[in-house]
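Residue numbers (the numbering used here), protein chains in the order written: chain V, 1 to 298; chain B, 1 to 121; chain D, 1 to 621; chain E, 1 to 483.
If you're looking for bench data, these hints aren't it; they were derived computationally from the structure. Errors might be hidden in some of the hints.
Said to hold, decoys possible - Within a straight-line C-alpha distance of at most 16 Å, the following computed EDC-like cross-link-like pairs (lysine to aspartate or glutamate) qualify:
| id | chain 1 | residue 1 | chain 2 | residue 2 |
| --- | --- | --- | --- | --- |
| 1 | D | Lys147 | E | Asp150 |
| 2 | D | Lys599 | E | Asp150 |
| 3 | E | Lys358 | E | Glu425 |
| 4 | D | Lys528 | V | Asp58 |
| 5 | D | Lys100 | E | Asp426 |
| 6 | D | Lys529 | V | Glu275 |
| 7 | E | Lys464 | E | Asp53 |
| 8 | D | Lys360 | D | Asp300 |
| 9 | D | Lys147 | E | Glu425 |
| 10 | B | Lys115 | E | Asp150 |
| 11 | B | Lys103 | E | Asp350 |
| 12 | E | Lys417 | E | Asp350 |
| 13 | D | Lys531 | V | Asp50 |
| 14 | D | Lys360 | D | Glu589 |
| 15 | E | Lys105 | E | Asp150 |
| 16 | E | Lys347 | E | Glu430 |
| 17 | E | Lys287 | D | Glu589 |
| 18 | D | Lys531 | V | Asp67 |
| 19 | D | Lys149 | E | Asp53 |
| 20 | V | Lys279 | D | Asp562 |
| 21 | E | Lys27 | E | Asp104 |
| 22 | V | Lys226 | V | Asp58 |
| 23 | D | Lys148 | E | Glu430 |
| 24 | D | Lys149 | E | Asp150 |
What you are looking at is a predicted structure, and each value in this text was computed from that prediction instead of being measured.
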Amino acid sequence: MIDIIYRIGHFVLITVFSMALGLLFMGIARKIVARIQKRYGPPVYQPYLDVLKLFGKDAITHGFIFDFGAIMALGGVIATLFFIPLGSWQLYSMEGTVILVIYLLAIASLGMAMGTVGSGNPQASVGISRALMQMLGYELPYLVILFALIYRYQTSSVWGLMQAQAGSFLNWNLFAYPLMAAVAFVVLIGMMGKKPFDSMIAPSEIGSGPVVESGGKYLGMLLLQKSITIIIELALYVNLFLGGAENILIFTFKMLIVWVLATMFGSLFPRFRIEDGIKFFWKWPLGIAILQAIYIIT
Amino acid sequence: MLNFLEEWSFFGGSILLILIGLYGVITRKNMIKILISLALMDTGVNLMLVALGYVKAANAPILNSVVQTNTAAFVDPIPQALVLTSIVIGTAVLGLGLALVIKIYDKFSTLDISKIRGLKW
Amino acid sequence: MLTNYIFIPIAAAFIAYILNKRNRKAGAVITALVSAYLLLSLTALYGRWDITQSFNLSLMGYKIDFLLAVNPLSWLFAVMTAAISILIALFSINSQENFKFSSVFNLNFLIIIGSMIGIVFARDFLTLFIFWELMTWTSFYLISAGKKKMAGRAAYRYIILSAGAAYAFLMAAIFIFQQTGSFAFDSAAEFLVANSPAQSIMLLLVISLPFIVKAGIFPLHIWVKDAHGNAPKEFSPFLSGMMLKIGIYGMIVVFYQLSFFKIIENTIAYRGLPLLSYLFALLGAVTIITGTILAIRQEDMKKLVAYSSISQMGYIIIGIAIATPLGFSGSMLHLMNHLIFKSTIFLALAAVIYRTGTTKMYEMGGLIFRMPLTFAAYLTAIIALAGIPPTNGFISKWVIYQALIEKGYLFLAIAAFFGSIASFMYVFKPLSTVFLGQLKPQHQNIKEVPLLMKIPMLILILVIVLFGVFPGIQMNIINQISGYLGIETVNYTLYSIQGANGAWNSLLIFNIFSAGFIIALLLFSFAKKSKLVGLLDTYSSGEYITDAESYHYAYQYYRPFDRLFDNLAAKSLTDFYETLTKNLVRSGEGLRRALAAGKLQNYALYSVLLFVILAAVGWII
Amino acid sequence: MVNLTLIIAIPLLMSFTMPIFKMLNQKLPKVIALLTTAFNLLVLTANFSQIMDSAIIIELGGWQAPLAINLYVGPLALLAAFLINGSAFILSIYNLTQDYKFDDKFYLLFLMITAGASGMVMTGDLFNLFVFIEITSIAAYSLTAFAGRDSYEASFKYLVIGGIGSVFMLLGIGFTYSAVGSLNLAEIAASAGLINPLLLQITALLFLIGVGIEAELFPLNFWVPDLYTEAPTAVSGIMSGAVSAAGIYALARIFFTLFPAQSFLNYLLYLGAITLILGELIAYQQKNIKRMLAYSSLAQMGLIVAVISLGTEGAVRAGLFQLVNHSILKILLFISAGVLISAAGSKNIDDLAGLGSKKKTAAFGFTIAAMGILGVPFLNGFISKFMIISSSLNADQFLLTVLILLAAVIEIAYYLKVVQKLYFEDLKIEVKKTAVITIPVVLLTLMIFGLGIYPQLIADPLEKAAAELINNGSYIMTVLGGM
C-alpha cells in the first residue's frame with residue numbers, strides 16, 4: 001500500500017517538474033530567438049504567466065469530442081513521461097519502451113488531432129493533415145536509427161540503451177556514431193515542430209493550425225502538452241546519444257544545451273513546404289541513417 | 001500402252017471431272033453455276049465408282065431372259081448399287097439447293113454469292 | 001462427423017433463400033443461427049486434434065480419397081470464420097431492408113461459410129480445390145450483387161484471376177497425383193522433398209498461386225480494391241476480414257505442411273534466410289508500401305480500407321516468410337487482430353452507408369454528433385489498426401518488429417515502419433472527413449443505427465481492448481499451432497509476451513495510460529466551465545461563411561503527399577492487365593475478320609487446302 | 001429383346017406419314033414426334049443390359065456378315081444412341097410449347113434427322129454410314145431453312161460445304177473398296193488391303209474431310225456459327241446436342257478402326273486443339289448470344305476430338321463423358337437462350353440485361369448450364385474437366401493441358417459476361433410473352449446435378465464404350481467371328 005502512495009507521489013512530482021522545466025525551456029527559446037532578431041523579447045518566465053492567464057479565462061467548446069481530444073492529448077503525453085529515465089529517476093524500465101514511446105507520442109497527437117478537427121474549423125484539419133504528413137517524413141529515419149541501435153545493443157529498452165553507454169563519455173553514441181547523432185538531431189527539430197519544419201502551425205498560412213479554435217483552458221492544456229513533449233523528446237535524445245546522467249541536474253543541463261542548439265539552428269531557416277519537408281527528410285537523413293544501419297548490421 | 005490407257009482412262013477422266021467441279025465451286029460467283037459444278041463433282045465420283053467394278057469383257061450384272069444362270073462372268077455389282085444411291089442423294093441435294101437459291105434470290109435479288117454476306121463473323 | 005460442419009451451412013443456404021423470399025429478415029436470422037451453431041460446436045471441438053474423417057470414391061478408374069481432419073491451425077480459422085459470420089449476420093438483419101439482392105446474399109453467404117470450413121478442414125488437394133472453387137464462385141455472385149456497374153466489373157476481374165490461378169493449382173495437383181497416386185498433403189510432402197528441388201519448387205509455386213491471388217499479395221492484388229470497394233456493404237467485412245486470411249492459410253499450408261521451407265533449406269541464403277522465402281518477404285514488404293500509398297489517395301472510404309487490408313496482409317506475409325518463431329507468432333497474432341479491427345471498421349462504415357447512402361468521404365462530415373456509438377467503434381478500431389499501445393494492433397506489430405530486429409532485416413523493417421506510420425494518415429482521413437468536421441445539412445436528422453447493428457460493434461470494441469490488454473488468450477492457441485507445425489513456441493504469460501530481448505507487459509501500459517488520462521481529466525475539470533458553441537461559429541479569419549459545405553476540409557486530404565507519388569500511382573498494375581486482355585480481344589478480332597468472313601468460296605477453299613497441306617505433311621513424314 | 005432396327009425404322013415411318021396425321025388434327029404432329037422419340041428411348045433401355053455384356057449384331061436382309069450390311073450396336077453405339085434420342089426427346093418436349101409455320105413438315109424432318117443420326121451411330125458398314133450421314137445432312141439443310149430470312153443463306157452455305165464433304169467421302173469409300181473389296185468396317189480393318197502407305201494416307205485424309213465437316217473441325221466448321229444462329233432453337237439444339245455427337249462418333253469409329261496409327265490421330269489432335277482455341281477466342285467477343293453459343297459448342301467439339309485422339313483409354317473415357325455432358329448443357333443453354341431472345345426480341349446480348357428478374361426459369365437454366373460448362377464443383381462439367389486434365393497430363397501433353405486451361409479461362413470470361421448482364425443489370429426493354437419451358441429446364445438440371453454429384457450412373461457404360469473403341473481386335477472378332 002505504501003509503495004502505491006509513494007508511486008503516485010513520484011508520479012505527480014515528475015509531471016509537475018517536467019511541466020515547469022518545459023515551460024522554462026519555451027521561455028528561454030523565445031528569449032534566444034528575440035536576441036537573434038536584435039530585440040529583447042519577453043521575460044524567461046513569460047510562459048508561466050500565459051498558462052495561469054489561460055486557465056483563468058473562460059473558453060468556448062465545440063462539443064464532447066473537443067474536450068475529449070484535449071484531455072487525451074495531455075493524458076497520453078503524461079503517460080509517456082514515465083517510460084523515459086530522467087537522470088536517475090526511472091519508474092518503469094521495461095522491454096520495448098523505445099518503440100512504445102514513439103507510439104505513445106502518437107496517442108497524444110491523435111487525441112489532439114481528433115479534438116481540433118472536431119471543432120469544425122477547416123484550418124485546423126489542414127494543420128492536422130500537414131502534421132501527419134510531416135510525421136511520416138521524420139519518423140522513418142528516426143525508426144531506422146532506433147532499429148540500428150536496438151540491433152547494436154541487443155536491448156529495446158531506453159534504460160538498457162542508456163546503460164550501454166556508461167563509462168567514459170567517449171563511448172556515448174554521439175561519438176560512437178556521430179552521423180547517426182546528427183540525423184537524430186535534425187529529426188528532433190522536426191519532431192518538436194521547430195522553425196524549418198513548422199508548416200503545421202504556420203501562423204500566416206493557416207492561423208496557427210490545429211490550435212486555432214482552442215482558447216482558455218484548452219490552449220492552456222495544449223501548452224502544457226507541448227512543454228512535456230519537448231522534455232520527452234529532449235530526454236530521449238540525451239539518453240540515446242549523450243549517455244543519460246547520474247543525477248537530474250546534469251541531465252537538465254545536457255537537455256538545455258541540446259535545446260539551445262536546436263532553437264538557434266531552427267531560427268536561421270525559412271519554413272519548408274510540406275512535400276519539400278518530406279522529400280528532405282527522405283533524401284539526406286534517411287539515406288545516412290540507412291548507410292549507418294547497414295554499417296552496424298554487417 | 002493400250003491397256004494402260006484403257007486401265008487409267010476411266011480413273012483419270014473421273015478425277016479430272018472432280019477437279020473441274022471443285023474449281024467451279026471455288027471460283028464461280030453465280031450460285032446456280034456453283035450448284036452445277038457440285039453436280040459435276042458428283043457425276044465424277046459416280047463415274048469413278050462404276051469404273052472400279054469394271055471386269056474386262058463381262059456382261060452387266062442383271063439376271064434377265066438372256067442370262068439366267070449366275071455362272072457367267074459379271075461385272076462387280078456392288079459399286080453399281082452404291083452409284084444408284086449416290087445418284088439419288090446427289091439429285092436430292094441439288095433440288096434442295098435450287099429451292100434455296102430461289103429463296104435467296106427473293107431476299108437478295110442477286111445470284112452473286114460474294115454479295116450474299118448477311119451472316120458475317 | 002466433420003462433414004456436417006460443411007454441409008449444414010450449405011443446406012441452410014437454400015432454406016434461407018426460400019424463406020427470405022417471403023420475409024426479408026428471415027435469411028439473415030437463419031445465417032445468424034447457423035453461424036452460432038457452428039461457433040458453439042467448433043469451440044467444443046477445441047483440443048481434440050485427432051478427429052479425422054475420410055471417404056473414398058473410385059470414379060472411372062481413379063481411386064480418390066477425400067480426407068478431412070482437425071488441427072489447431074484449421075480449428076483457429078474455422079472459429080474465426082464462424083465468429084465473424086455471426087457478427088455480420090446480426091448486423092445484416094436490418095441493414096438489408098432495402099437491399100434488392102438480400103435473398104441471393106444470404107444464399108451465397110452461407111455457402112461461402114460452409115465451403116470455407118471445408119477448405120480449412122481439407123487435408124488433400126482435391127477437397128481443397130472443390131471447396132475453393134465453390135467459395136470463389138459464390139463470392140463472385142456476392143460481389144456482383146454490390147454497386148451497379150462497378151461491382152460487375154470488379155467481380156468479373158476477380159473471378160477470372162482466381163479461376164486462372166485455381167486451374168493452375170489443379171494442374172499441379174493432378175501432376176502430383178500422378179506421381180504419388182494420392183492427393184493427400186502428407187504423401188505429396190514426402191514426394192516433393194524427395195523430388196529434385198527445382199521441380200518441386202516450381203510445383204509449389206504454382207500450387208501457391210491461388211493463395212497469392214486470394215491474399216492480395218503484390219503482383220496479383222489488383223482485384224482487391226474494386227471487389228472490396230463495390231461489394232455489398234455487409235459482405236465487405238467478411239471479404240477483407242476472412243477471405244484474405246484463407247489465402248494466408250493456404251500459404252502456411254504450402255510453407256510448412258508441404259515443407260516448402262525444408263526444400264529450399266539448401267538453396268543460397270541471404271543473411272541466414274533462404275533466398276526464396278526472403279523473396280516472399282520482399283513481396284510482402286512491397287505489398288505494404290503499395291497498399292499504403294494507394295490507400296492514402298482514395299476518396300471512397302471502402303476502397304481506402306480495402307487498400308489498407310492489402311497493406312496489413314503484407315505484415316502477415318513478412319511474419320510467415322522470415323520463418324522465425326517470433327515472426328510466425330507475430331503474424332498469427334496480427335492475422336487474428338486484423339480480422340477483428342478490420343471487420344469493426346467495415347461494420348462502422350456499413351452503418352454510415354446504411355444511414356447516409358454514400359461511400360464518398362467528401363459528401364459526409366460531422367457524423368459524430370448523430371452516430372456516437374459508430375464513431376466510438378470506428379475510433380477504437382483505427383487506434384488498433386494504427387497500432388497504438390492499449391489495443392491489440394500494437395502487440396502484433398511489436399512482435400513482428402522484434403522478429404525483424406532480432407534477425408536484422410533492415411529493408412523489411414523499413415517497409416514495416418513505413419506501413420505503420422503511414423497508417424496513421426490513411427486511418428485518420430475517414431475519421432476527420434466522415435465523423436468530425438462540419439455536419440452537412442442533409443444529414444441533420446440522421447439517427448443512430450438500430451440496436452441489432454450496435455451489438456456487433458460493441459462486442460468487437462470489447463474484444464479489441466480485451467486482446468489489447470491480455471494477449472495471452474490468443475497466444476495459447478498460437479503456440480499449439482506452432483507446435484503442430486514444428487516451430488519452437490514463444491513463451492508468454494496472460495498479459496505479456498517474451499520478445500527478442502525482454503518481455504512486454506501490456507497490462508502495465510494500460511494502467512499507466514489510464515493514470516495519465518485521469519490526471520489530465522482532473523486538471524480539465526478544475527478549470528472554469530466552458531460555453532458550448534455551434535459548429536459554424538468558428539474563427540474564419542475574417543471570411544463570412546454560411547454553409548457547412550464549403551467549411552469542411554475533406555477533398556484530397558493529403559494532396560501534398562499524393563503529389564509525391566502521382567506518377568507511381570498513375571501507372572498502376574491494372575492497366576498492365578487491361579492491355580493484356582485488350583491484346584487477347586484484338587487477336588480474336590483479327591482471326592475472326594480474316595477467317596469467318598462469311599464468303600462461301602473461302603470455306604470451300606479451306607477444305608481443299610486442308611487436304612493438300614495434310615497430304616504434303618503426310619508425304620514428308 | 002426388341003429388335004434394334006426399330007429405332008431407325010419407326011421414326012422414318014412416322015415422319016413420312018406426318019402429313020396424314022396433320023390432316024387428322026392440328027396438334028397431332030407434335031405429339032407423334034414426342035411419342036416416337038419416347039418409344040426409341042424405351043427400345044434402347046430394353047436392350048441396355050443385354051448390350052452391356054456383349055454387342056448385338058443384326059444382319060439386314062438375312063445375308064452373312066461380309067456381304068450384308070450389318071448394324072453393330074456395342075456399348076459405344078448405345079451410349080451415342082441414348083444421347084441422340086434423349087436430346088431429341090427433350091427437344092420435342094420443348095417443341096410442345098412452340099408452333100412453327102409448316103409444323104408437319106418440321107416434325108417430318110425432325111424425326112428424319114433423329115433416325116439418320118441413330119443410324120449413323122449404329123451402322124457397321126461404311127457405305128451405310130455415308131447414306132445415313134447424307135440423310136442427316138439433308139434433313140439439317142432443310143430444317144435450318146425454317147426460320148426464314150437469313151436462314152436460307154446459312155442452309156445454302158452448309159449445303160455446298162456438305163456437298164463437297166460427301167464427294168470427298170465417296171471418293172474415300174471408292175478407294176477403300178478398290179483396295180479391300182468389301183464395305184464392312186470389320187472386314188476392312190481385318191484385311192491387309194490398305195498397306196500401301198500412299199493409298200492409306202490419301203484415304204485417311206479423304207475420310208478426315210468427309211466426316212470432319214460433321215464433327216465440326218477447324219477449317220471445315222464455318223457453317224456452324226451461321227447455322228446455329230439462324231436456325232430455330234430446336235434445330236440448333238438437336239444439331240449441337242445430337243448430330244455433332246454422331247459426327248464425332250463416326251469420325252472416332254472410322255479413325256480408330258480403319259486408321260488406328262497414331263500419326264493419323266495426331267492430325268485430329270492438332271485440328272482439335274486449333275478448333276478449341278480459335279472457337280474460344282472468337283466466341284469471346286461475340287455480340288449475338290446464339291453466335292456465342294455456336295462458337296462455344298464448336299470449341300467444345302474441338303476439345304472432345306483432341307482429347308479422344310490422345311488414344312489412351314482414360315482419354316477416350318474423358319472425351320466421351322465430356323461429349324455427354326456437353327450435349328446436356330448445350331441443349332439447356334440453347335433452350336434458355338431461345339426463350340430469352342424471344343422475350344427480349346433481339347439476339348443482342350446487351351438487350352438481355354436484367355431479364356433474370358422477369359424470365360426466372362430461362363435465366364436460371366442459362367446460369368446453371370453456364371456454370372456446368374465452366375466446371376463448377378458438384379456439377380457434371382467439373383468431373384469431365386478433371387478427367388480431361390488428368391488424362392492429357394497422363395499422356396504428358398503438357399502444352400495441350402495449358403491450352404485447355406487457357407480455353408477454360410476464356411470460356412469463364414464470356415459466359416459470365418452474359419450471366420452478370422442477366423441478373424445484376426436493370427431491365428432495358430419491355431418483356432414480351434414467351435413459351436413456358438419449366439419441364440425441359442427441370443429435367444436437364446436434374447441430369448446436370450445427378451451426373452455431377454453421382455457420376456457412377458454413367459461410369460460403367462463409359463468404361464465399356466472406351467474399351468470397345470480402343471481395342472480393334474474385339475470389334476473384328478465379334479463381327480467376323482459370328483460368321
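Verification of the hints:
A hinted pair counts as satisfied when its Cα atoms are at most 16 Å apart, and Lys147 (chain D) with Asp150 (chain E) does not qualify at roughly 40 Å. A threshold of 16 Å between alpha carbons decides the hint, and for Lys599 (chain D) with Asp150 (chain E) the separation of about 14 Å falls inside it, so the pair holds. Of the supplied pair hints, the one linking Lys358 (chain E) and Glu425 (chain E) holds, its CA atoms being roughly 12 Å apart against a limit of 16 Å. For the hint linking Lys528 (chain D) to Asp58 (chain V), the alpha-carbon distance of about 6 Å falls within 16 Å, and the restraint holds.
Simply put, Lys100 (chain D) and Asp426 (chain E) have alpha-carbon atoms about 11 Å apart, close enough for the 16 Å limit, and the pair holds. For the hint linking Lys529 (chain D) to Glu275 (chain V), the alpha-carbon distance of about 41 Å lies beyond 16 Å, and the restraint is violated. Taking the CA atoms of Lys464 (chain E) and Asp53 (chain E), the gap is about 9 Å. The hint holds against a cut of 16 Å. For the hint linking Lys360 (chain D) to Asp300 (chain D), the alpha-carbon distance of about 5 Å falls within 16 Å, and the restraint holds.
Between Lys147 (chain D) and Glu425 (chain E), the direct Cα distance comes to roughly 10 Å. Compliance with the 16 Å bound is thereby established for this hinted pair. Proposed proximity of Lys115 (chain B) and Asp150 (chain E) is supported: the alpha carbons are some 13 Å apart, at most 16 Å. The hinted pair formed by Lys103 (chain B) and Asp350 (chain E) fails the criterion: a straight-line CA distance of about 31 Å is larger than 16 Å. A threshold of 16 Å between alpha carbons decides the hint, and for Lys417 (chain E) with Asp350 (chain E) the separation of about 10 Å falls inside it, so the pair holds.
Under the criterion of a C-alpha separation no larger than 16 Å, the hint pairing Lys531 (chain D) with Asp50 (chain V) is inconsistent with the structure, at around 21 Å. Restraint check for Lys360 (chain D) and Glu589 (chain D): the C-alpha separation of about 39 Å exceeds 16 Å, so the hint is violated. Straight-line distance between C-alpha atoms of Lys105 (chain E) and Asp150 (chain E) comes to about 20 Å, which puts the hinted pair past the 16 Å bound. For a cut-off of 16 Å, the pair hint linking Lys347 (chain E) to Glu430 (chain E) stands: about 15 Å separates their Cα positions.
With a C-alpha separation of about 12 Å, the suggested pairing of Lys287 (chain E) with Glu589 (chain D) holds against the 16 Å cut-off. Distance check on the hinted pair: Lys531 (chain D) and Asp67 (chain V) sit about 12 Å apart at the alpha-carbon level, within 16 Å; holds. Proposed proximity of Lys149 (chain D) and Asp53 (chain E) is contradicted: the alpha carbons are some 57 Å apart, above 16 Å. For the proposed pair Lys279 (chain V) and Asp562 (chain D), the alpha carbon gap of about 12 Å is at most 16 Å, so the pair holds.
For the hint linking Lys27 (chain E) to Asp104 (chain E), the alpha-carbon distance of about 10 Å falls within 16 Å, and the restraint holds. About 21 Å separates the Cα atoms of Lys226 (chain V) and Asp58 (chain V), which puts this hinted pair outside 16 Å; it is violated. Using a Cα cut-off of 16 Å, the hinted pair Lys148 (chain D) and Glu430 (chain E) is violated, with the two alpha carbons roughly 20 Å apart. With a CA separation close to 35 Å, the supplied pair Lys149 (chain D) and Asp150 (chain E) exceeds the 16 Å bound.
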